[in-house]
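One line per chain: the protein sequences are A and B, in this order.
Counting from 1, one number per residue, gives the positions in the first sequence under my numbering.
Counting from 1, one number per residue, gives the positions in the second sequence under my numbering.
These aren't lab readings, by the way, just hints derived from the structure by calculation.
Quick caveat, the model's predicted, so the values are computed rather than measured.
Warning: the hint list may mix true and false statements.
Unchecked claim - To be clear about the criterion: a stretch of chain B counts as covered by chain A if any three or more of its residues have a C-beta under 8 Å from a C-beta of chain A, and this derived list gives those stretches:
1) 155-168
2) 177-189
As the list claims (entries may be wrong) - Computed cross-link-like contacts, DSS-like style, restricted to lysine-lysine with a CA-CA straight-line distance of at most 27 Å:
3) B:Lys27 to A:Lys169
4) A:Lys189 to B:Lys189
5) B:Lys108 to A:Lys189
Glycine is no exception: its CB is placed at the ideal position from the N, C-alpha and C atoms.
There are 2 protein chains.
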Amino acid sequence: MNDKRMLIILSGPSGCGKGTMLAEVVKRTACQVSVSATTRQPRGGEIDGVNYHFFTREHFEQCIAEDAMFEYAPYCDNYYGTLRSELEAIWAQGKHVVLEIEVQGALKVMAEHPEAITIFTMPPTIAELRRRLEKRGTEEPEVIEKRIARAIEEIPFADRYQYIVWNDKLEDAVDDFCAIVQAEENRTKYSKERIGALITSC
Amino acid sequence: MNDKRMLIILSGPSGCGKGTMLAEVVKRTACQVSVSATTRQPRGGEIDGVNYHFFTREHFEQCIAEDAMFEYAPYCDNYYGTLRSELEAIWAQGKHVVLEIEVQGALKVMAEHPEAITIFTMPPTIAELRRRLEKRGTEEPEVIEKRIARAIEEIPFADRYQYIVWNDKLEDAVDDFCAIVQAEENRTKYSKERIGALITSC
Numbered sequence: 001m002n003d004k005r006m007l008i009i010l011s012g013p014s015g016c017g018k019g020t021m022l023a024e025v026v027k028r029t030a031c032q033v034s035v036s037a038t039t040r041q042p043r044g045g046e047i048d049g050v051n052y053h054f055f056t057r058e059h060f061e062q063c064i065a066e067d068a069m070f071e072y073a074p075y076c077d078n079y080y081g082t083l084r085s086e087l088e089a090i091w092a093q094g095k096h097v098v099l100e101i102e103v104q105g106a107l108k109v110m111a112e113h114p115e116a117i118t119i120f121t122m123p124p125t126i127a128e129l130r131r132r133l134e135k136r137g138t139e140e141p142e143v144i145e146k147r148i149a150r151a152i153e154e155i156p157f158a159d160r161y162q163y164i165v166w167n168d169k170l171e172d173a174v175d176d177f178c179a180i181v182q183a184e185e186n187r188t189k190y191s192k193e194r195i196g197a198l199i200t201s202c
Numbered sequence: 001m002n003d004k005r006m007l008i009i010l011s012g013p014s015g016c017g018k019g020t021m022l023a024e025v026v027k028r029t030a031c032q033v034s035v036s037a038t039t040r041q042p043r044g045g046e047i048d049g050v051n052y053h054f055f056t057r058e059h060f061e062q063c064i065a066e067d068a069m070f071e072y073a074p075y076c077d078n079y080y081g082t083l084r085s086e087l088e089a090i091w092a093q094g095k096h097v098v099l100e101i102e103v104q105g106a107l108k109v110m111a112e113h114p115e116a117i118t119i120f121t122m123p124p125t126i127a128e129l130r131r132r133l134e135k136r137g138t139e140e141p142e143v144i145e146k147r148i149a150r151a152i153e154e155i156p157f158a159d160r161y162q163y164i165v166w167n168d169k170l171e172d173a174v175d176d177f178c179a180i181v182q183a184e185e186n187r188t189k190y191s192k193e194r195i196g197a198l199i200t201s202c
């Protein structure tokens, strides 16, 4: 069988439960979430190499200059991006890369990588999204309103993605995500070698 | 949410376990296998309307003339085909149609229905396919050889299908088929209405 090295792009409003969903997905599938690099300062409890690769601005710009970044974008005076070496390391383990990335970055990656599997995760309703953001209790009301406004901007781009996973119930959303991974593993392109071997064995 | 009325085309060599697989798939998903119409005589135990719709040649040709057949083909001096009304009845129940159909018929349906989900099921090896056909004990050796020869002719067309399900182990094959159905139900086109409602609710 051919080596399956999938690139899965996941976007969706903040508060949709992407992190919780992915924590389950990696247990049940051959997916691994790529760790982004950023120039922003670590927040309390964040670990270098786990939550982010924390880079200085100079180091990040050197990575850009050396074409070491698979994708990157400036955001709120900082850079965020993904190292090519990060993806290669995941693929070398025979796993699929999940790139959790916001819409504008995702559209750029899609244009360059039409083979990517693209999933947009959706809150049941905007009211429920607000409720979930408030429940976290970590954000100020104005930050929550900013995130809601951002969600409303992002949602119309969902139709540029191949799949929509509605996060009405976490278990169902995880199950849908895993089914998408399993279905994509059954794509004909991954069977070409084995079919060839079957035919020549006749 | 939009009405999901999928058309799933399943092909694969005789002896691959398509029937056994589908019997499980219909229990676990919203799939229903369409019953073909044929002009051939019923064999022992076959029930009209369950295994096939048994038609006279005159009635079948009338259905063709009235454009009542979704697809049909002559095979070994008999007609085989699918009534449009059969598919409509399945869709009316909110279920997906599974059309189990041989390769040439499938290619014709694919050309006319590019929205169809297409799955080819594959035996682990040709030796195993022979073993399974022999184990059935219902076929003469020359019939088995004819089926093997037919399989070898059909397998190269597998790359015209979107998905390959290897039937190494029945449970895994059923699981793969169900995952494909579930993933396809998450296609963005089926969420357009719900996304529209989410946006207008803001």
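Hints, verified against the model:
| no. | hint | result |
| --- | --- | --- |
| 1 | 155-168 | holds (count 10) |
| 2 | 177-189 | holds (count 9) |
| 3 | B:Lys27 to A:Lys169 | holds (23 Å) |
| 4 | A:Lys189 to B:Lys189 | holds (24 Å) |
| 5 | B:Lys108 to A:Lys189 | holds (21 Å) |
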